[in-house]
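A.B. asks: Please construct the entire structure, taking both the sequences and the accompanying hints into account.
The listed protein sequences derive, respectively, from chains A and B.
With positions in the first sequence counted from 1, the corresponding number in my numbering is that position plus 217.
With positions in the second sequence counted from 1, the corresponding number in my numbering is that position plus 143.
These are computed hints drawn from the structure, not numbers from a lab.
Computed from a predicted structure; not experimentally measured.
Take these hints with a grain of salt, some might be off.
[What the hints assert, rightly or not] Partial chain B-side listing against chain A, Cβ under 10 Å, derived:
{"id": "1", "residue": "G163"}
{"id": "2", "residue": "Q164"}
{"id": "3", "residue": "G167"}
{"id": "4", "residue": "Y168"}
{"id": "5", "residue": "M171"}
{"id": "6", "residue": "V172"}
{"id": "7", "residue": "K175"}
{"id": "8", "residue": "N176"}
{"id": "9", "residue": "V177"}
{"id": "10", "residue": "M180"}
{"id": "11", "residue": "T202"}
{"id": "12", "residue": "P206"}
{"id": "13", "residue": "V208"}
{"id": "14", "residue": "L265"}
{"id": "15", "residue": "P308"}
Where a beta carbon is used, it is the ideal one built from N, C-alpha and C, also for glycine.
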Amino acid sequence: MEQNEDIRLMKGNEAMAEAAIQAGMDAYFGYPITPQSEVLEYLTREMPNRNFLALQAESEVASINMVYGAAGAGARVMTSSSSPGWSLMQEGVSYIASAQLPCLLVNVNRGGPGLGTIQPSQGDYFQATKGGGHGDYRLLVLAPNSVQEMADFVFLGFELADKYRNPVLMLSDGAIGQMMEKVVFHKREINKIPKPWATTGKTPDRERSIITSLFIQPEKMEKVNLELLKKYDEIEKNEVRYEEIMTDDADYLLVAYGLSARISHKVVLLARERGLKVGLLRPITLWPFPAGVLNKLADKVKGMLVVELNAGQMIEDVKLAVNGKVKVEHYGRMGGIIPSPEDVEENFEKFIKTL
Amino acid sequence: MLNEEIIIAGFGGQGVLSMGQTLGYAAMVEGKNVSWMPSYGPEMRGGTANCITIVSDSTISSPIVSRFDTGILLNQPSMEKFESRIKPGGIIVYESTNILHASERKDIGIYAIPAADAANKLNNVKVANMILLGAFLEKKPIISLDGVMEALKKVLPERYHNLLPINRQALEAGAELMRQAS
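C.D. replies: Here is the structure:
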């Protein structure tokens with residue numbers, strides 16, 4: 218092990234919490250819910266010795282509004298929850314998006330709808346990428362597929378949030394949150410950019426900072442809408458992230474994110490052992506969606522199978538990206554059931570027989 | 144190239160999850176890739192627990208697999224659930240004080256380790272899991288016992304470091320039982 222590297226075996230939830238502290242998080246507000254309660258536990262344990270605030274609020278609604286307030290005051294701030302709790306936060310998320318405040322939000326997805334199950338799921342894709350709250354807004358959505366990325370995307374998430382003055386959502390799932398893997402924490406410089414817009418008390422040398430999500434005159438509201446659109450265009454231009462695995466010579470493509478991408482990676486290896494040239498495209502940003510690369514890959518593969526732990530959600534974005542060039546189908550399990558690589562491989566082979 | 148996919152399963156309280164964690168930690172200390180996926184759902188709350196631990200020289204693709212190179216099984220329900228999921232040529236190491244009906248498969252290696260009895264002889268029933276781990280590592284030396292001890296030093300809070308010697312004894316007792324069983 219190198220001296221300047223800190224290597225640990227951690228749960229995804231713990232790695233996320235540790236990364237938040239190392240990223241210079243000022244405050245965390247949250248309410249416990251399985252399968253991500255380790256975040257608040259870890260932060261509460263570390264708080265006495267390190268410089269940040271972790272507070273258990275009385276509910277998720279309170280948590281997100283505390284995030285709203287702290288972000289408005291210029292703090293580097295975060296909350297995390299799991300599906301039912303994340304639903305409760307949506308009103309606040311819409312307000313934060315409207316007021317253009319940077320913050321990091323995390324949903325460790327469990328099975329639904331309703332209270333559902335505590336097992337892993339990707340059933341919240343629509344809610345994450347199409348706006349869970351009201352109004353025309355976008356979250357920048359990062360989808361980690363390992364414990365390492367649960368840590369890395371905290372650093373990235375805070376940076377992107379500050380850069381665009383936009384809430385960033387990390388969409389994980391119960392398996393990535395609960396499992397342990399090796400995680401490396403590199404020594405890094407933490408850059409916090411100035412936030413002259415924050416409400417930190419007016420001084421004679423500057424204008425008043427106002428943070429609001431209420432624009433009662435339609436003309437003013439539309440101006441804000443247009444400003445947001447411009448920002449979203451910029452994000453779509455600059456921030457698309459994805460990983461390609463063995464796509465160079467691929468006849469067929471799997472498309473999957475998060476835990477499904479880990480399973481699908483194994484499917485690629487199993488199928489290649491059987492002589493089938495399969496590749497994997499893993500969206501890392503779910504919004505902005507890597508539509509461009511999928512459209513290009515559609516020119517060379519015979520078909521795409523979208524693997525998700527849901528009833529078929531990301532497949533809609535894949536179909537839009539591919540625009541009818543090749544056949545796109547979905548395979549998924551729901552309710553917290555995780556398909557084995559062999560299950561997926563069997564369904565993949567059924568799929569390619571239909572091409 | 145090493146890629147060992149292991150299922151460890153038994154009742155809650157038998158040290159199933161901590162055995163996987165110790166193995167994972169030791170593998171990491173020795174520079175390998177590792178993933179540890181616990182059951183955390185209703186089955187765990189109903190009394191049984193399991194974890195999938197994967198140790199590999201290369202990047203680990205899926206942390207969740209349905210077929211295993213090794214099963215370390217600590218109770219009868221686990222034997223029934225997982226015996227058919229061991230790959231041909233794989234092994235089962237099982238706790239033979241608890242499990243009366245072992246797998247009868249001929250295409251895998253099956254090793255009976257009376258770990259609970261042996262732990263009683265060491266005057267600490269809680270080290271039965273380390274006895275099974277020692278037995279497994281004797282059969283498949285994917286990491287060294289020194290590596291495991293190094294891991295235990297990190298995993299155990301300092302106030303329990305007086306228990307390190309008995310864990311070492313347990314690992315060695317397990318290795319000896321495996322030599323007798325083979």
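A.B. asks: Sort out which numbered hints this structure fails and list those numbers smallest first.
C.D. replies: 14, 15
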